[in-house]
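J.: This is what each chain is made of:
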Amino acid sequence: MSHTPEPMVRFDGVVKRFGDNVVLDQLDFTVAPGEFVTLIGPSGSGKTTILRLLMTLERVSEGVITVGGEPLSHMRRGDRLVPADDKHLAAARRRIGMVFQQFNLFPNMSVLRNITEAPVHVLGLSPAEAEARARDLLELVGLGDRCDEHPSRLSGGQQQRVAIARALAMRPDVLLLDEVTSALDPELVAGVLDLLGDIARTTDITFLCVTHEMGFARQVSDRVMMFDHGRVIEDAPPEQLFTDPREPRTREFLQAVLDRS
Amino acid sequence: MNWDWEFVAGAMPGILRGLLTTLEITVLGSLVAYALGLVFALVRRVPKVGVVMQAFIEFVRSTPLLVQIFAVYFLFPSAIGVRMSPFVTGVVVIGIHYACYTAEVYRAGIDAVPKGQWEAATALSLPKRRVWTSVVLPQAVPRVVPALGNYTISMFKETPLLLAIGVFDLVNAAKEEGAYAYKYVEVYTIAGLLFLLLSYPASLLVRKLERRVAHT
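Top line first, the protein sequences correspond to chains A and B.
Numbering-wise (the UniProt record's numbering), the first sequence opens with residue 1 and increments by one.
Numbering-wise (the UniProt record's numbering), the second sequence opens with residue 1 and increments by one.
Among the hints, erroneous ones may be present.
What the hints assert, rightly or not - Taking lysine to aspartate or glutamate pairs in the EDC-like style, the calculated list, with each CA pair at most 16 Å apart, reads:
#1 128(B) x 85(A)
#2 183(B) x 4(B)
#3 183(B) x 24(B)
#4 128(B) x 86(A)
#5 87(A) x 70(A)
#6 157(B) x 24(B)
#7 115(B) x 58(A)
Calculated directly from the structure, the hints in this document are not laboratory data.
One chain only, chain A, in its complex shape (with noise of 0.2 Å):
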C-alpha cells in the first residue's frame, strides 16, 4: 500500500477500553480520501465508538488517530507523540463532522439558525455569508420553504435533512454518519439514505457510515468493514462482501440482518 496516497482517516494500534470492557482491540484501517467506507456488525461490536474517536468525544486509551495526515487523538510534542490537550482536540475536529441516529438539532433555534450557528461563530463567516450557504444546503435537502420552522415542527427525517445539511455547512473532509436512520419510520428512510448517496457521489467527502441498511451500503460503499469484538474481521469492496463473504462470521450476520427485515 505504499504507493497510495495519504489517508484520510488512519488508525493505529487503537485500543479502546471503558473500565474492564476492551470495545476496540488493536484497530488498524485506514480511508483513502473521498472513500466511503460502511462500518456493519453485530451491537456492541464497536462501531459507533470508531465514529465518537473520531468526533472526539471519546478518547482513544492506546494507539494513535490520524486524520489528513495530522494527529488527532495526540499532538507533536518535539518528535513525541503526547496525548492530545483540549486545544488541540478543538483544532483537529474542524474537519470532521458528524450525523447522529437522534439528529440532535437544537430545538431553541431555527432550521436556520441551526445551521448557520457554527459557520457564523466557528469559521468566521459573515451572518448573510452564513445564511446564503444555510439556504443552499437547505435547498439541495429539500426543505428550502422551512427555514424559519423550529425543529419540532419536521418530521424525523426532516430534521434529519436538516443535521445534514448543518453537518455540510461546515465543510467537513470527514463525514461520520451514525445509524442516521435508525430513528425514523421506515416511509422515511429511502429519502434520507438517496440524499446521502447523491452527497457521496457529488462531492469529495470521506465518509464513515454506520448503518444497518445493507442496500444502502451495498449502493454507496467504496468498501464495507465487517466488525465483531472491537476487530476488523473482513474488509473488502460490498460486491465481495455481500455475495460471497469469506467468513463465516460475516455470513451468519448478513443472514441475521436479512431475517429480520
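Could you slot chain B onto chain A? The hints should help.
T.: For chain B alone, kept in the frame of chain A given last:
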C-alpha cells in the same frame, strides 16, 4: 374583641408602605438570587474552585437566614469594614441566601439538557462559551423558571425576618401601626391577608408555568 374600621383606615397607608418595601426587597432579592445562582451553578462546575463554591453553598444552606442577617449587619462593619443600610443588607443577604438554592435549580436544569446537545455542539466545533450561551442555557433556563418563581414566593414570605435589623417591611410596619394604639389584631390580620393575597395568585401562576414548561 371588636374590629375597629377607623383604626384600620388610619393604619393602612403605613402598612401599604411596608408592603411596598417588602415587594422591593423581594424583587431586588430575586434578581440577585437569579443572577448569582446561575453564577454559582457555573462556578461549581469549575475544577477545584467548584469545591470551594460548593462548601460556601452548603454553609449558607445549613445556617439560619436570621443568623446570616445579623452576622452581615452587625459583624461586617467591624470585621471587614462594610457598612450597609438595613434595606441593602436585606437585599444582599436574602439574595445570596436564595442564590444558594437557585444554584441547585440551575444545576438540575443544566443536567437535564440531553447529552446529544453537547455532542452536536462538539461535532460543530462550537467554542465552549458559545455552547453555553446559545445551546445549553437557552434550553436549561426556561425549564427552571417555575422553580425560580417558587423561591421568589418563599423569599417574599421570609422578608419579615428583616425587622430584626429594623427594615420597615410589611410586618414591621404593621407592628409599628399597632403599637400606636395597642391594637394588634387588625394590623396583623391585614398583614397576613396581604401575604395570602399576593402569595396565592403567585403560586397559581407558577403552577401554570410548570404545566406549560412540562408541555414543551
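J.: Which hints from the list above does the structure break, by number from lowest to highest?
T.: Hint 3 is the one this structure does not satisfy, whereas the remaining hints hold.
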